[in-house]
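**Q** Take these sequences, add in the hints, and give me the full structure.
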Amino acid sequence: MDPINFVILASVLFAIGAAAVLLRRNAIIAFMGVELMLNAANLALVAFSRIHGEIDGQIMAFFVLVVAAAEVVVGLAIIIAVFRARQTISLDEPAELKG
Amino acid sequence: MVNPVLFWIIAAITVIPALSLLFARKAVHVAMSIVLVMVGLATAYVTLGAPFLGMVQIVVYTGAVMMLFLFVLMLVGVDQREDLKETIVGQRWIGLFTAAGLGAFLVSIVGRVTIAVSDAPVTGEPDVVAVMLFEKYVLVIEVLGFLLITAAVGALVLTHTPRLRPRRTQLEVQRDRVRVGADPVNKPMPGVYARHNALDVPALDPEGQPIDHSVSRVLKIRNQTQDGAEFRAQLEDPSRKEGDR
Numbered sequence: 001m002d003p004i005n006f007v008i009l010a011s012v013l014f015a016i017g018a019a020a021v022l023l024r025r026n027a028i029i030a031f032m033g034v035e036l037m038l039n040a041a042n043l044a045l046v047a048f049s050r051i052h053g054e055i056d057g058q059i060m061a062f063f064v065l066v067v068a069a070a071e072v073v074v075g076l077a078i079i080i081a082v083f084r085a086r087q088t089i090s091l092d093e094p095a096e097l098k099g
Numbered sequence: 100m101v102n103p104v105l106f107w108i109i110a111a112i113t114v115i116p117a118l119s120l121l122f123a124r125k126a127v128h129v130a131m132s133i134v135l136v137m138v139g140l141a142t143a144y145v146t147l148g149a150p151f152l153g154m155v156q157i158v159v160y161t162g163a164v165m166m167l168f169l170f171v172l173m174l175v176g177v178d179q180r181e182d183l184k185e186t187i188v189g190q191r192w193i194g195l196f197t198a199a200g201l202g203a204f205l206v207s208i209v210g211r212v213t214i215a216v217s218d219a220p221v222t223g224e225p226d227v228v229a230v231m232l233f234e235k236y237v238l239v240i241e242v243l244g245f246l247l248i249t250a251a252v253g254a255l256v257l258t259h260t261p262r263l264r265p266r267r268t269q270l271e272v273q274r275d276r277v278r279v280g281a282d283p284v285n286k287p288m289p290g291v292y293a294r295h296n297a298l299d300v301p302a303l304d305p306e307g308q309p310i311d312h313s314v315s316r317v318l319k320i321r322n323q324t325q326d327g328a329e330f331r332a333q334l335e336d337p338s339r340k341e342g343d344r
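If you're matching them up, the sequences are chains L and W in order.
Residue numbers for the first sequence, in the working numbering: 1 to 99.
Residue numbers for the second sequence, in the working numbering: 100 to 344.
Be aware that one or more of the hints could be misleading.
Partial chain W-side listing against chain L, Cβ under 10 Å, derived [what the hints assert, rightly or not]:
| no. | residue |
| --- | --- |
| 1 | V114 |
| 2 | A126 |
| 3 | L172 |
| 4 | V209 |
| 5 | V212 |
| 6 | I214 |
| 7 | L255 |
| 8 | P261 |
| 9 | L263 |
| 10 | V317 |
Honestly, the hints are just simulated from the structure, not real lab data.
Even for Gly, the Cβ is constructed at its ideal location relative to N, Cα and C.
**A** Below is the structure:
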């Protein structure tokens, strides 16, 4: 089976992650949607690495993994800070910036 | 080439749990399904000739990141409800349409591509990856080190709460409590002298009446308490003999 199928799988996962970010109001679930999108991009990178027979794609995926780990740490810290300030992790609740 | 059966198994254990992101109500269920997705992706990496990346995926994602999510879920409380009121009118349908359109677009474009697959596949064994990382991309590794340190310090700063007023001692707390006329002693423990000695049963006062505030607030929110009324009715039922209690 052609490895390009893994890119299609990555596209499907990316769309599911995007839908979660757009639809869910729980900040943590939306954040997990972001994680899924990052991982879908990783899967595409690894699949292309296999298709082209070069290892650079895997190295890029590794870098994405590290950046995603750093992003998770900061994002969850922000969620906790917001939760401490307003006792909710709903994404619709903080509307102070509204004109 | 990839074994088709393996591909479909991977597709099943990634896409089906990933759908819980859209349909599961509780964030804990979503987190556990995403763990399964990450394991499926690690399998895909190993299949595609990236065993090192597959192992890193399991260690970093299922081991660290998703457990961090579970920690935060415990911190903010598992019972955070999602309100169903829409702030933007029709947000659900707009979002669903946009995401489905994006997916259909990507799949149709990628499905049309024909690409010659390399005949000499490389395998990302740790030694191959290490040489790449620390020779060709060594500068990127350094920058990533900076990024990780900055992220760790940033997380510490964001979650740090400065002490705004001096620490209150136990003596001061107790004095204030007496001053405002609150109950000077601890709340009664649940289940004390009740028929069942359990956390979900209210304590009975000396007159045999249930004390409602002796049961934990959390249990009440979850509707996991026994109702005090049932015991009150038993106590007040004149047809019951003393020995029945």
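**Q** Does each hint hold? Answer for all of them.
**A** Results of checking the hints against the structure:
{"no.": "1", "hint": "V114", "result": "holds (6 Å)"}
{"no.": "2", "hint": "A126", "result": "holds (5 Å)"}
{"no.": "3", "hint": "L172", "result": "holds (6 Å)"}
{"no.": "4", "hint": "V209", "result": "holds (5 Å)"}
{"no.": "5", "hint": "V212", "result": "holds (6 Å)"}
{"no.": "6", "hint": "I214", "result": "holds (6 Å)"}
{"no.": "7", "hint": "L255", "result": "holds (8 Å)"}
{"no.": "8", "hint": "P261", "result": "violated (12 Å)"}
{"no.": "9", "hint": "L263", "result": "violated (13 Å)"}
{"no.": "10", "hint": "V317", "result": "violated (15 Å)"}
Going through the hint list in order, the structure does not satisfy hints 8, 9 and 10.
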